[in-house]
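For reference, the chains in residue letters:
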Amino acid sequence: MSTTNTAAAEGTVDTGATSLLRFATAGSVDDGKSTLVGRLLHDSKSVLADQLEAVEHASRNRGQEAPDLALLTDGLRAEREQGITIDVAYRYFATPRRRFILADTPGHVQYTRNMVTGASTAELAVVLVDARNGVVEQTRRHAAVAALLRVPHVVLAVNKMDLVGYREAVFAAIAEEFTAYAGSLGVPEITAIPISALAGDNVVTPSATMDWYGGPTVLEHLETVPVVADPSDDPARFPVQYVIRPQTAEHPDYRGYAGQIASGVLRVGDVVTVLPSGRTSTIEGIDALGRSVDVAWAPQSVTLRLADDLDISRGDLIAPAGAAPVATQDIEATVCHVADRPLAVGQRVLLKHTTRTVKAIVKEIPSRLTLDDLSQHPAPGELAANDIGRIVVRTAAPLALDAYAESRRTGSFLLIDPADGTTLTAGMAGTAFAEAAADPAPESAADDEGWDF
Amino acid sequence: MTTVASIPEDLDNPYALSHLDALESEAVHIFREVAGEFERPVILFSGGKDSIVMLHLALKAFAPAPVPFALLHVDTGHNFPEVLAYRDRTVAEHGLRLHVASVQEFIDRGELRERPDGTRNPLQTVPLLDAIESNRFDAVFGGGRRDEEKARAKERVFSLRDEFGGWDPRRQRPELWQLYNGRHSPGEHVRVFPLSNWTELDVWQYIAREKIELPAIYYAHRREVFARNGMWLAPGEWGGPKDGERLELRQVRYRTVGDMSCTGAVESDADTIEAVIAEIAASRLTERGATRADDKLSEAAMEDRKREGYF
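Chains as they are written, first to last, in the working numbering: chain A, 1 to 453; chain B, 1001 to 1311.
Just so you know, the hints here were simulated from the structure itself, not pulled from any lab data. Every residue gets a Cβ at the ideal spot worked out from N, C-alpha and C, and that includes glycine. Please note that a few of the clues may not be correct.
[As the list claims (entries may be wrong)] Facing chain A, from chain B, some residues (calculated, C-beta under 10 Å):
1. S1018
2. L1057
3. S1196
4. T1199
Just need the whole structure built from these sequences, with the hints factored in.
Below you can see the structure in the form of structure tokens.
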């Protein structure tokens, strides 16, 4: 028996046509991050009664009077027992304007990898500072991670304004220092907001005590920041995930290349090159999950049909004939080492880039970087957990990489331990490589100077 | 009737994607990654709404070819008949292959013992791991969502399980960008959660948009139920009602569908998809808090079950 009410004709069902913003928060408990996150969830009515009841119950058990909103996100036994956050927690909330995915990451030094993980998919990062302390080492580290991961929007939330008398001068000095620092790292957009997460000033509702501030609240900013960069600015990149060949009576000759458009726009009739073979063809059809369309763009999952019968398989890249990346076996990159065992010069690894995994060897580790002050340590020999550094890798087969600055999705890769599959290192293809690639199309305005660590 | 949300300016952008489009493309990408990298994937299919949405996404991901995975149902033996009928109809309609791992058979063989409270949800782990091992499944799709529960909020999309099926939250691989690392040793397998980033409301909005048929019990209907632990449970051979528990006829629906012994109905008049969406949007309780006795066992009930190899 069908129970789907087919009378629910199109147009009468609220299927929630809102956009999606992925953002990350960085900061320590001391900065009031949990309070900020708790307030965003609570004031946007995303914490439900049974969750709040559970938090109140747990807080009482620990002898705390007020509900500890950190317990909303810290769910693992070890976290509850030790009162710390040990991992990235994903939280979900919605307002009538937008759906949000929040990657809530702990701010301690040893958890750089968690911040890097949270920032890797974020379109916006909220960096918290305590108004009494201003920009400290940890703030600089958070700004550096956001810059390194190319998070397009950064919010500086100057918290605990209530403890500095809500004074504009305090806020202005911190905002100026941070903006200058983050700007010098290449962060393209910075929005500073004075808040008190505890009192609720400028988190969801505008502050009644800071009339000198005319900007948006944190939530207003999250709701209105543009999430859709114009994909037509970027060259199209289509890593082939899977070849669809039904070979059925109904579809005897169908051959489609399934994948998610990593960047740019694809149109029927586009002349494309397939890498690494270098062969060209024309897009004959685009199947967009049940509909045949003339145009599709990142990050849509589609199936492409080409005019010519080429030998294409998983791991190949389809790109516009005039704007394809140059495949290379020598990769220079900035990396964050995420495994507990170190990464050493000479180590044999697997390199996973889009849908392709190849053997590789770590040729050099030219430098390690201290995130607090961006000082360089030449030739460290190896990288330990949470280290940021530069590496040079030689791959067994050519890879069609872009510079990470041009494309987060096709400029990123993982190094994997071939013995047990451990994820070792998160890599971002560096600018030296981008210069070597004679790519005429993307004349990026991105400031690469901030990258030359 | 729900109100139509006003469309924010950024959806005027010709390249805008609605949140459902974005979540759909992400889930399809995950299905295709698994198809490309694993030998023997399987979809956990209970006939509940999340597994139905998973199957719908898998069908779209590989069309016009058939889904290249089998289905696996871990059958507690306490099923809603409507859900079993739905399962069998769906399998026939799409020409799928269904494996059933039966809790009852393990109990009959003496390999599992009935719990005093009659709840069989925690008993599913052993038959599940047995089915994974004997069929040599290397990737197992689950419908778990991170918004469901605190321990699940820290789950990866690709979640490595050791040879005992166990989950160690402190030894998870960092998951960056959209690069999923599915490498595993023989005997290990990977649980894959394509709906990780979906919320209950997203699932329902997607069901409405895609006009996906669900088992009838998700919509309001008259049913004989009895109260236990603050929930409305349906009577059945599993052991209810007991002495002192009185059957009453109520207008109810189910927000989640699981083992009959621990899945409660909620009182509801929502008999259409629009009414269900309106009800969920206004609800002040999470779906697990409202309807799952198994999650009320302790503060870390889900984490403990996951560590043992549960879904």
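If any of the earlier hints don't hold here, list their numbers in rising order. The structure breaks none of the hints.
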